[in-house]
Each structure stands twice: as structure tokens, then as C-alpha cells.
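Undergrad: Top to bottom, those sequences are chains E and A.
Heads up: the first sequence at position 59 corresponds to 58 in numbering that gives the first Met the number 0, and the numbers run straight through without jumps.
Heads up: the second sequence at position 138 corresponds to 137 in numbering that gives the first Met the number 0, and the numbers run straight through without jumps.
Be aware that a few hints might be false.
Claimed, not checked - Straight line, CA to CA, 20 Å or less: simulated SDA-like cross-link-like pairs of lysine to any residue:
(1) E:70 <-> A:240
(2) E:67 <-> A:66
(3) E:41 <-> A:27
(4) E:67 <-> A:257
(5) E:41 <-> A:241
Treat the hints as calculated values from the structure; they're not laboratory data.
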Amino acid sequence: MVRHILRTLLAALAASLVVGCGGGAERATLYRAEKLLYEARKAEEQQRLGTTEPDSTALMNLRAIFLKVGKSAPGPHAVTAAGEAGEVARATIRTVGVAAASGARLALAARRADLALEAAERLQTEAASDTVTARQAAFMAVAAYQGLRRYEDAISQMKRILVTYPPLPAPPTSEDPVLGIPGAIVSLRRNLGDEEGAGRELRSALEYFTGLLDRPMAPELEAQVRARILRASLELNQTDRALQEANTLERLVGETPELRHLLAEIAFAKGKLKATVERDPSEGIGILDRVSTDFPTSPLAPRSLLEAASILEQRGQTANARERYEAILRRFPNSQEVAPLALYRLGMVQEKMGDWVVAKSTLEMVPLRYPRSSAAAEAPMAVIHHYMNEGRKTAAQLYFAKAITTYRQLIVRDSSGQVAPLFRVKMFQIFAAAGDSTGVYSITEEMLRNDSRHPYTAQILVQAARASIGYGNSQRAAAYLRRFLRDYPKSPVAGQVKRELQNLGG
Amino acid sequence: MAGSFKTAGVCANAALRSFSVGEFAPLLTILAAQWLFLIGGLNLGSTWGMALAGSVAQRLVGDAAIDYPGFLELLPLTFSYVESVTFIVLGAMALPSLTSRVLVRLKPSLGDSPTWAGRVRSAIVPTFLALLMAFVLTYVWQLFVAQNLHRIVGALVQGQVPSSVVTWLVSVAIGYAITTIFIYVPVVAVSQSIGAIKAVRLGVTEGFDKFPTTYLFVLLLSLPALAIQLIVQIGGPLIASGTRPENIAYLLIFYALVSTVATYFVWNMVTRYYHARTEAA
């Protein structure tokens, strides 16, 4: 019997060798990596299903589980090898890449962007031969730089991605994230308070997208690129160009039924163009209104209403504008991009219509309902400006304390959030207006601690230095200016700051 | 007919009560091969596991069968092929051997015959042919199940799970009926000194003659194995996602054992029943 079993076992082993075990070790490595990735995902799923949100320790523990994947499949991987060996190597490096990206995501969530950056840089080197993974690592680096508040590095990294990785055709309802990069750069510049830089980047974006059209591409990708060109030219008020692109895009959509989802984009552009260019905006406004009803699930639905409201507000049709702002808040209250601005503008329109009590209550609602929006930073200032414009200086000064409390609460909610520096800037402005030197110094120190190298901090350092001189504290003023020159040596105002420092005897 | 059922019942009872390691031993080769594949599958992260189970699964089901957790999710399907192949190839040798040992126990004088060992060896070819034919017919039936039966049952039975269970029950019932038709081939081949084709023909005739009683007891003796198979095949995805995917492999290891034991009892009972009917005639 034993002889029989042994014979069978040997036959099975021989059969397996005959059937083929070429690349068995590499396939086994891939399988191990896949298994560890599966287990890590399962562990994260379990953690997320818990009653409480995982804290930073739990997140770092989860990250450690994801990092095991990379350790189980150490490189180098023969990605360039022909046939199955190359395929296995690519699959392995991609599995490692996915795990590394998850690890980086968890590190960012645990406020350890330094670790995320380290992982991204390592993966970029290790996966240089596999474009998919290297690209993923490049995106990871962008997120890590932003987490570290190294915004200029983040922008440089995004620009590197644009140069290195051309956009790829994606399924019709989605698009390659590379196409979103120019817009992300513009938004980042805006969030940093650099409107001029944002305009420059917007023009670069238009140039980039136009350049993409020089080479042949799939109709789906061409349509997506043209949609981006359309958006950029609309933002830059290049109406002729925008109209031309809208017509081309319309023709493309007509020829390719899969691109029908772009109809919202075309209608939005045409509506906006008509409403802005024509003397009577009603036809354009009608088109914009229809976008929100005909394409209610499109991100352009709330935007079209906002656009219509904004145009009507500019033309003095405040009642019609108010109607649309209210419609946004009723139909799209969770649109983080549009709803906060709509609520803020509604308050402003109500103020224009003379209903200050309601307007004030609307403006005070903005930080409560949308605490992570820049509109939340603007709303308390709008109340102060109202009092100032009416010449009610005491009322404005009394409101300072309330505004400061509001900003402090918003910062406590999300101290490292993207809008937190703007809240601090607003606090600084209030302290400066109130002549509160202690407040000015403490908020400047807070910005140096929390928003180091942020463009807002640069502005605040200069303003705080000038305010310190006013308070008779030239030593502190010199310290702020020195810090400015250390942190922002390439700033266009560096020369002027140097002169101011020399005047102080620094 | 009632007498047939009674005799078959007695034979099944005798088979269950007289388990013998010596008679079971030939089937260990099938079990060893199946376990080797499953244990290799549980160690797919090692080179030997990938070379053994991985290469087999890749060739049987495709590249998706060597991913994690794809390998384990597809294991019920992959293992059904491995089970068929091992049963046809190794079963062709093991079943005549098992049958001969049962017959010798029933009639010890048979073992004294100088041609006995030769008759057992010559039963390998007809047994192989019978198992192969049963497999081909079952495979064709499974194709029909995949393409049509699921749709038909789906239209008649409400709900995803009940529909899958009914489809599986119908599929297994017909599959076992096909096997029952060929079940007597190794017994006839060992019992009578005849050629391979004749043995297959006579065995199939026996299968048809004794179909109702044999089919009933084959199903009864296979019930434990069928229960595990039902859990693995219908609940496989749930086991994989709800617990650990490896549990599918552990269940299949257990299934292989129970199924081999069931095979032993089935052919033991069938041999006894054939012997009893032949003696009575």
C-alpha cells in the first residue's frame, strides 16, 4: 500500500513538473504579495467597520500591515522580461504599488506625510520600469507634499507628471486623473491666496490641453481634452475660443453616442457664454437653469445654478439671483464646491435687498453648515464689513470677539485643514484692526508653527513686522523679517523685506 | 422490486458494518493525490505549491485560478476537475482492486485462483473506459446545466439561493444517475473473465437492470459527501468573503476524505449486491 501511495505521489510531482513550473518562484512571490494585500485590506475594512474612527496609532498599525506586502516581494522585478515572466513581474510590482499607496494614504491620514513621501519616493525609484506604478507613486508624492505643506514642491511634482505621463483613454464616464492636474494646480494656487499665480496656471493649463490635441488620440480622450479646454477658456473669458470648442465638442458628441454625458458640459458653456455676452441674459440663464434640471446628477448642475445666480446678481437682478441660491441650497446642500458659496452669496444678496436681520443670520450659518469652506472664512468678515460700511464702528468692534471665537472653533475642528491658514489670516486681520498686539503676535506665532512655508504666512510675517513697528517692538519686527527671508528667499518681495530689515538695523 | 430493495439494503448495511482498511487501501491513492493538490493549493505562496497546485489550476481554469483569493474562490471548480481526473486515472486501478478484495472476502476461494490477479489487472481498462464515459456524459450534462438549466430553474424558483440549490440538486441527481449506469463495470470486469468492451457492455446492462435500487443506495451512501459539496459549491463565495478564503480548501480536504469513504461504501455495497443477485440466480 505504502509503495502504491509513494508511486502516486511521485507521479503527481513528476506531472506537475512536466505541466510546467517555470517561473514558479516568481508566481509564488506574487501570490504571497496578493495574499498579504488581501489581508491588509480586510484588516482595514474591519477597522473601518468599528464603532469609532481609527486613531493615528490604529492607522499606523494598519499601514504596517500594508508594508508587509512590499517586504514579501523584494525587488528587483524583471518587468522588461518577455512573456509570462514580465507579466508576473509587472503584476508583482503593481501589487506592491497598490499596497504602498494604501500605506501612504494611511500615513497621510495619521498626519505622517513624511512617511508617505518617503514611500512615494522609494516606489518611484523601485517601479521606474513600470509606468503604471511609477505614475501612481508620482501621484502619491503630490499628496504627501501637500500633507507636508510643501505646496511649491507639490506643484512642481504635478508639472513633472504632466510632462512625464500623457493622459490615457479611460472609460467614457471616467477620465484619467492626469487630465485633472492642471485644474488641481489652479485650485491649489487659489487656495494659497495667489490669484495671479492661479491665472498664470490657468493659461498654462489651456496651453497644455491645446498641445495635447497635436497628436492623434481616441475620440473619447479628445472629447475629454476639449471639455477641459472649454472650461479653461470660459474661466479665462476667451469667449470666441470657448464657443468654438463648444461647437467642436458638440460635433464629437453627436458622432459618438458614448460621449453623451458631455452634453451637460456643452450646455453649461453655451448658457454661460450667452448669458455673459448677450445684452439680454435671459436665454443663457434659461439654458443654465435647464442644465440643473436635465442633468441633475452632473457636478455641473449646482454649478450652472451658481453661475446663473452670479450673472443675475452682477446685473442687479437680486431677487432672481436669490431664488437660484436658495435652489442650490435646497437641491444640492451637500455640494461642497458650490453650496457654501451659494449660502454666503445668499447672505450678501439678502443684505443688498435690505433684509439685514435675515442676511446676518444667513452669514452666521455659513461657518456652522460648511466649516471647511473658504466661505466660512469670509462670512464673519462680511458682517464686520457691513457694520463698517454703515459707520457702526462700535458694533463692528463688538463683533470682533464673536468672529474670533467663530474662527477659533473652526480651527479646533480641523487645525491642519486646507482652510485653517485662511481662518488664521482673518483672525490676524481682526487683531490688527483692533490694535491688539498680543493677538497679532500670538496668531503670527501660531501660523509659524502650523502653516510654516505657506504663502499666507509670508504675507502675515511682513504685516506682523510692520504692525510690530507700530507697537514699538522693532526687535520682534526684525525677527519676523529675518524669518521671512529664511523661509521665502525666492519671494518677489524679498528685496523690499531686506531693505526694511536694514532700516531696522538688522 | 421490493426484494431487490431489501437485498440492496442488506448489502449496504453489510458494507457499512464491515469497514476494512485492507479493502479501503486502494482508494488511498486517489485521496492522497487529491490531498496533495489541496495542500499544495494551501501553500501556493511557496515554489513547490505553485509548481504543483498552481500549474495544475492554471491549466485547468486559467490565470485567474492562481491569483489570491481567486485560486481559493475558484477551488470548488478546479477541484471538481482534479477530482474527476484522479478518479478516472487512479480509480481505474483502485476500483477493480477494491472490488476484488470485497469479492474475495465474500468468496475466499476466488483469491486462490491463479488467474485472479490477472483478472483484476485486466479490469483496469474497462473500468477506465466506464469512468471516462461517465465523465464525458456528466461533463456534457454540466454544460447543459451551465447554459440552460440555471435559467430554467431560475424562472421557476424565486430567489437566488433557493434557485442555486435546486439547480445543484437537479445537476447532482442526474450526474449520479449517469455514474450509476456505469457503476457495475469494474465488478463485472473482475467477476467475469471477459474482454474490455464486453465488460463495459455487460456492466452498463447491469447498471440499467439494477438502476432504481442501486441509484437509491448510491445517493444514500453519498449523502454526507453531498452535504459538504453543497456547502462548498453554493456557499463558496460567502465562505471566502465572510471568513477566510482558506476555509474553502479546508472544507475540500474534509470533503475529499468523506467522498473517498463514500466511494468505498458505494462500491463495497454494489459488489455485494451484484454478488448476492448472481448467487441467487
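Undergrad: Tell me if the straight-line CA distance from residue 41 of chain E to residue 241 of chain A falls inside 20 Å.
TA: OK: residue 41 of chain E and residue 241 of chain A at ~10 Å, within 20 Å.
Undergrad: Sort out whether residue 66 of chain A lies within 20 Å of residue 67 of chain E, counting only the CA atoms.
TA: Holds, at roughly 18 Å.
Undergrad: Tell me if the straight-line CA distance from residue 67 of chain E to residue 257 of chain A falls inside 20 Å.
TA: violated (38 Å)
Undergrad: Residue 41 of chain E and residue 27 of chain A: Cα distance at most 20 Å?
TA: violated (38 Å)
Undergrad: Taking only the CA atoms, is the gap from residue 70 of chain E to residue 240 of chain A under or equal to 20 Å?
TA: At roughly 25 Å apart (the allowed maximum being 20 Å), residue 240 of chain A and residue 70 of chain E break the hint.
In this structure, the hints that do not hold are numbers 1, 3, 4, in rising order.
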